[in-house]
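Model the full structure from these sequences, guided by the hints.
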Amino acid sequence: MPAPGHVVSLEDQIDRWRSYLRRRQAIHSVDVAELEDHLREQVAALVEAGLATDEAFLVAVKRMGALDALSREFAQEHADRLWKQLVVVPADSGGPGVRARTDAIVAFSLAVAAAGLVKAPALFGIQLDQDVGFYARNGSLFVLPLLTGYFAWKRRLHTGTLRWLAVAFFAACVFANVYPFASRGSTEALTALHLPIALSLAVGIAYAGGRWSQVAGRMDFIRFSGEVFIYYVLIALGGGVLTALMAMTFRAIGIVIETFFQSWLLPCGAAGAVLVASWLVEAKQSVIENMAPVLTRLFTPLFAAVLVTFLGTVLWTGRGVAIERDVLIGFDLLLVVVLGLLLYSVSARDPRSPAGAFDVLQVTLVVSALLADTVALWAIAARVSEFGFSPNRVAALGENVILLVNLAWSAALYLRFLRGRGSFTDLERWQTNYIPVYAAWAAMVVIVFPPLFRYI
Amino acid sequence: MDTSNRVRERRATSPVVEINKDLVAASSTPIVLAILAEGDSYGYAILQRVREVSGGRMEWTDGMLYPVLHRLERLGHVEARWEVAESGRRRKYYRITPGGRAQLAEERRQWHMVDATLRGIWRGLSLAVPAGQPASAALPQNGD
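Chains as they are written, first to last, in the working numbering: chain A, 1 to 456; chain B, 1001 to 1144.
Because the hints were derived from the structure by calculation, they are not lab data.
Please read these numbers as outputs of a predicted model, since none were measured by experiment.
We treat Cβ as the ideally placed atom computed from N, Cα and C, and that holds for glycine.
Among these hints, one or two may not hold up.
[To be verified] Computed list of chain B residues with no C-beta within reach of chain A, every gap over 10 Å:
#, residue
1, Ala1034
2, Asp1040
3, Arg1049
4, Met1058
5, Ser1087
6, Trp1111
7, Thr1117
8, Gly1120
[Stated by the list, open to error] Computed spacing ranges between beta-carbons, pair by pair:
#, chain 1, residue 1, chain 2, residue 2, range
9, B, Ala1025, A, Leu302, 43 to 49 Å
10, B, Ala1025, A, Val337, 25 to 31 Å
11, A, Leu265, B, Thr1061, 53 to 59 Å
12, B, Ala1080, A, Ala49, 46 to 52 Å
13, B, Thr1061, A, Gln25, 18 to 24 Å
14, B, Lys1021, A, Glu11, 30 to 36 Å
15, A, Leu58, B, Ala1080, 27 to 33 Å
16, B, Ala1080, A, Ala79, 15 to 21 Å
17, A, Val241, B, Ala1080, 38 to 44 Å
18, B, Gln1110, A, Thr243, 55 to 61 Å
19, B, Gly1120, A, Val30, 44 to 50 Å
20, B, Ala1025, A, Tyr20, 22 to 28 Å
[As the list claims (entries may be wrong)] One-sided excerpt, in silico: chain A residues whose CB lies under 10 Å from chain B:
#, residue
21, Asp31
22, His38
23, Leu39
24, Ala182
25, Arg184
Right, dumping it as structure tokens:
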């Protein structure tokens, strides 16, 4: 008879064995249950034959076969399992399934709430097609509080944090609406553009759920943001196809749906899709490879090639950058893209792996972007007095400086890493520490710029 | 300790025949279907039956049986159901379907043909090949 101590250790061993099996994609939990029944039967038979429990366990596991080979056999029989990894609401009953379902229900309810919120101002006589300014300024306020609420619920945020987040949203609400903006003025457009950036910090804090102070927590938010962006674009594409088909079929029976589309489907869909995309990223987080890093891998060499060619052409032909009104914004966008490429490949890189060819490519990209931006800034600085300081130009310049500082120090840290003098973690820490800077600048544009430029 | 020695001894008297992978893959379908034709069963018991019938000389890696069962299930040759066994654990039982019986008959016909052909050839070779060679030793015995 095995001693009670042995029974416990057998359970522990089986637990461990089960967790090894669970990690295999091709082996589902029902199969694990089936195999476990087999293992227990085998152990029982061997114990009956006189083996000690731990001996019996070892023999039984050995007879079960090597895990890799077994997993390969299962994968061959269930090839579909290597593809269909994201079961949005798993059919399995039990703990995790129920939680996933509640999660889905909450997310979709919030998506519907966001869609409703978009149309709520209509109750007070504010129409989407007439009060464009109101909607532009408040667009993010229809969605981001709900998104923050979703994560606050999911991560069970402390009431202290919640209070601060509520204050942030309330302040955003005030600053978006109290200023006497000139109709269709630049400061109004700047507020519309910068408020979401400032508020995304609140989303990030809720997303990190108490881990915002850690590099890993902020890095998770960066990963999340990249995935949300990709999912949002995919949902938007699907929505486009849906609307086009809808318009076509209804036109065939003589009904024009353009107004419905413009005042209902598009705004409500756009708001709800943010929550659905976020929920999808949450649901698939651990099961599907992140897409953003894959795209950065694809595009980093291409962007690097374009920028190096650009710099080469500038040097070769001696052409100056033609200064037009929007050139600074164009270069801001360039830096944003380069920063995104850097950020999302940093987010996917194992900090412990040694420097490789891709890292060199990354540094080339960043340095050439810096040089290109310097060329543009040089040209602008020479004639800045001619143009004068409009709010758009100051905002663009500020953003350019912020991005330039980030990328310059990133390049320095990266070079240090390539030469073996620093660790990759420094770069990670720098990038994640820099997130609040964007939010702070955006908040400043929202709060200070309108009065500073007299609401033009 | 002496019991594990006994286990080893028993193995030593009836040596396990290494059957190559292709042959295992090919023979697993008729063997599993034939065992299920005797009555509903589950994984562990099926393997026990294989050991019993082969006199302990045919050893499958235990885990490999399950992908085979799942394939037969997918093809509709067997159907599965979960039941609570007397041990209190949930256990997956398999039952052969009419389609499975037809498949078994077909497999049996084919194996007989292969067996007959091989026997004919072995006879022609008479004693040129020693009977201890793995594949040739395993097949006729299992075919009977």
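Structure-based check of all given hints:
No beta-carbon of chain A is positioned within 10 Å of the beta-carbon of Ala1034 of chain B; the least distance is around 20 Å. Annotated as non-interface, Asp1040 of chain B keeps its C-beta farther than 10 Å from every C-beta of chain A; the closest such distance is 15 Å. The beta carbon of Arg1049 of chain B sits about 13 Å from the closest Cβ of chain A, which is more than 10 Å, so the claim that it is off the interface holds. For Met1058 of chain B, the requirement that its beta carbon stay farther than 10 Å from each beta carbon of chain A is met, with the minimum near 13 Å.
Consistency note on Ser1087 of chain B: stated as away from chain A, yet its beta-carbon is not over 10 Å from all of that chain's, at 8 Å minimum. Every Cβ of chain A is farther than 10 Å from the Cβ of Trp1111 of chain B; the closest lies at roughly 22 Å, confirming the non-interface assignment. With a closest Cβ-Cβ approach of about 29 Å to chain A, Thr1117 of chain B is found to remain outside the 10 Å limit, as its non-interface label requires. With 10 Å as the threshold on Cβ separation, the claim that Gly1120 of chain B sits away from chain A holds: the shortest Cβ distance comes to roughly 34 Å.
At about 46 Å, the CB distance of Ala1025 of chain B to Leu302 of chain A agrees with the hint of 43 to 49 Å. About 52 Å separates the C-beta atoms of Ala1025 of chain B and Val337 of chain A, a value inconsistent with the hinted range of 25 to 31 Å. At about 57 Å, the CB distance of Leu265 of chain A to Thr1061 of chain B agrees with the hint of 53 to 59 Å. In this structure, Ala1080 of chain B and Ala49 of chain A break the distance hint of 46 to 52 Å, their C-beta atoms being roughly 29 Å apart.
Our hint of 18 to 24 Å for Thr1061 of chain B and Gln25 of chain A holds, since their Cβ atoms are close to 20 Å apart. The hint said 30 to 36 Å for the Cβ distance between Lys1021 of chain B and Glu11 of chain A, and at roughly 34 Å that hint holds. Separation of Leu58 of chain A from Ala1080 of chain B is about 29 Å and conforms to the stated range, judged on CB atoms against 27 to 33 Å. A hinted range of 15 to 21 Å for the beta carbons of Ala1080 of chain B and Ala79 of chain A is consistent with their spacing of about 19 Å.
As the Cβ distance of Val241 of chain A to Ala1080 of chain B is approximately 40 Å, the hint placing it in 38 to 44 Å holds. In this structure the hint that Gln1110 of chain B and Thr243 of chain A lie 55 to 61 Å apart at CB holds, the actual value being about 57 Å. Our hint of 44 to 50 Å for Gly1120 of chain B and Val30 of chain A holds, since their Cβ atoms are close to 46 Å apart. Between Ala1025 of chain B and Tyr20 of chain A the beta carbon distance is about 25 Å. The supplied range of 22 to 28 Å therefore holds.
Checking Asp31 of chain A against chain B: minimum C-beta separation of about 7 Å stays under 10 Å; hint holds. Taking 10 Å as the C-beta contact cut-off toward chain B, the hint placing His38 of chain A at the interface holds, the least distance being around 5 Å. At about 8 Å, the closest approach between the beta carbon of Leu39 of chain A and any beta carbon in chain B falls short of 10 Å, and the interface hint on this residue holds. Contact between Ala182 of chain A and chain B, as hinted, is not supported at the beta carbon level, the nearest pair being about 68 Å apart and thus beyond 10 Å.
Annotation: interface hint on Arg184 of chain A violated; nearest CB of chain B at approximately 63 Å, more than 10 Å.
The structure shown violates the earlier hints numbered 5, 10, 12, 24 and 25.
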